[in-house]
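K.L.:
Work the whole structure out from these sequences, hints included.
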Amino acid sequence: MLSPADLETLWLTFKVASLSTFILLLIGTPLAWWLARTPSPAKGFLNALVSLPLVLPPTVLGFYLLILMGPQGALGKLSHFLGLGTLSFTFTGLVIASVLYSMPFVVQPLQTAFNNIAQQTLEAAATLRANPLNTFFSVVLPLSRPGFLTASILGFTHTVGEFGVVLMIGGNIPDKTRVVSVQIYNHVEALEYGQAHWLAACLLGFSFTVLVILYTVLKTPPQIQQLK
Amino acid sequence: MTKHILKLTFISLTWLMHTSVVSADSTLVAVASNFTKPMTEIAESFEKATGHSAKLSFGSTGKFVSQIENGGPFEVLLAADETGPASLETAGYVVSGSRATYALGKLVLWSATPDYIDAEGKVLQTGNFKHIALADPKIAPYGAAAVDYLSKQGLLEKNQPLMVLGENITQTQQFISTGNAELGFVALSQVIENGKIGSGSGYIIPTNEYASIRQGIALLKNGAENPAAVALIAYLKSAPALAIIQKYGYDLP
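From first to last, the protein sequence lines stand for chains U and Z.
Note that the working numbering has the first sequence beginning at 1, numbered continuously upward.
Note that the working numbering has the second sequence beginning at 1, numbered continuously upward.
Treat the hints with caution; some may be incorrect.
With beta-carbon atoms standing in for the labels, derived distance ranges [as the list claims (entries may be wrong)]: (1) Val217(U) <-> Leu156(Z): 49 to 55 Å; (2) Gly154(Z) <-> Glu8(U): 25 to 31 Å; (3) Gly85(U) <-> Lys37(Z): 30 to 36 Å; (4) Gly85(U) <-> Leu252(Z): 40 to 46 Å.
So the derived list for chain U, only partly shown, Cβ under 7 Å to chain Z, looks like this [unchecked claim]: (5) Ile67; (6) Gly70; (7) Pro71; (8) Gln72; (9) Ser88; (10) Phe89; (11) Thr90; (12) Leu167; (13) Gly171; (14) Ala190.
Okay, derived cross-link-like pairs now, DSBU-like style, lysine-lysine, Cα gap no bigger than 30 Å in a straight line [to be verified]: (15) Lys55(Z) <-> Lys138(Z); (16) Lys247(Z) <-> Lys138(Z); (17) Lys152(Z) <-> Lys15(U); (18) Lys138(Z) <-> Lys176(U); (19) Lys152(Z) <-> Lys176(U); (20) Lys130(Z) <-> Lys15(U); (21) Lys196(Z) <-> Lys130(Z); (22) Lys221(Z) <-> Lys176(U).
Derived from the structure by calculation, the hints contain no laboratory data.
For each residue, glycine too, the CB sits at the ideal point set by N, CA and C.
P.N.:
Set out below in structure tokens:
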């Protein structure tokens with residue numbers, strides 16, 4: 001069965017994943033909106049940059065984050081300057097890494113959703129004297145609801161399944177950086193297969209339930225219609 | 001011109017095939033991370049001496065054990081402890097009578113910063129560090145030895161909250177060499193160069209101050225019929241191999 005230490009890792013994973021998803025939606029929404037609408041030539045460059053975390057193997061990405069966050073690294077120097085100390089081996093560091101790692105999974109569905117909103121819809125809102133902010137909250141957001149759900153689901157599940165990056169910068173500290181994926185791996189390494197099976201089953205069961213609920217909600221998305 | 005190229009290709013191909021026949025057998029070896037450097041060197045000298053070749057795979061002992069139990073193709077296991085090979089023997093994966101100790105590991109307290117660590121490791125009591133790195137004591141023998149040393153010195157409680165755990169000894173060294181952890185415990189073989197600590201600063205902990213790290217070897221049933229695997233086990237006891245093992249700071253059993 002699950003030990004208290006196992007339960008702790010589940011709770012910590014839930015915290016990291018929810019916080020990262022929340023931050024990603026905050027950063028990702030304006031970024032995706034800009035990417036979907038801009039005629040700027042920098043668009044291609046930024047799109048490529050957002051997708052880059054997909055290219056590097058997670059442990060390698062984690063290794064470079066470790067160097068970046070170290071006392072000699074740019075991020076490490078910045079965090080010391082701000083009085084935050086070293087970010088590696090901390091909960092904050094883990095969240096920052098997760099945000100980078102899961103960025104494409106949140107930005108891309110949002111960008112697709114925003115792309116699907118016809119320019120005419122926005123113009124119609126403007127003729128009704130909606131200012132851009134108004135249009136965004138009362139027209140764009142409701143129309144992009146499926147995109148937001150997909151982005152949240154992908155961002156959340158991808159962070160829950162994160163392993164390589166955490167392994168490299170986490171330091172396996174109980175309560176701070178020991179997430180469930182690392183705990184399962186440690187059980188396997190210590191040949192405690194029984195505990196590994198239990199924990200993996202709980203993780204899968206929990207994620208499956210959440211996904212079923214979300215996809216059921218998603219089943220009837222509001223229709224995005226082109227204005228004639 | 002094209003004819004020439006074809007001819008050359010043909011000659012080099014036959015030459016390649018010819019050499020591969022001469023180099024005889026090849027064996028697949030699972031090697032514990034801490035033994036990476038010496039084993040790479042031993043494999044080279046093994047190839048020169050016997051004509052056989054050894055393909056090396058590096059990783060943690062625990063991972064290798066579970067891979068071997070599930071059909072991993074390894075023929076020889078050089079573990080970081082003796083429990084891994086022993087549990088494989090119980091499960092019937094080891095050629096009986098082939099288990100032995102091939103090296104005694106040494107623990108070193110190491111920092112990437114020169115002069116950070118004094119000759120007696122007093123920094124553990126007086127140092128104002130935020131993180132001390134070690135390999136996870138639950139799965140890595142060098143981590144277990146580090147915890148043993150700390151508790152014998154009465155320093156475990158002070159250092160426990162500062163500990164960051166590497167999944168294996170290589171990752172632990174990365175934590176320290178990148179400066180994310182000010183200091184930590186690694187294997188002497190990782191930081192030794194020409195008989196002394198190569199970079200940064202370190203304190204080689206006297207071997208009587210922690211439970212000895214006995215590294216075990218086993219011939220696996222996969223390799224029982226492979227002359228290269230059998231020859232490698234024998235070669236590890238030869239004078240040139242023993243010299244390399246000692247050069248990297250290990251004691252001989």
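K.L.:
Run the structure past the numbered hints and jot down the numbers of the failing ones, going up.
P.N.:
Per hint list: 11, 17, 22 violated.
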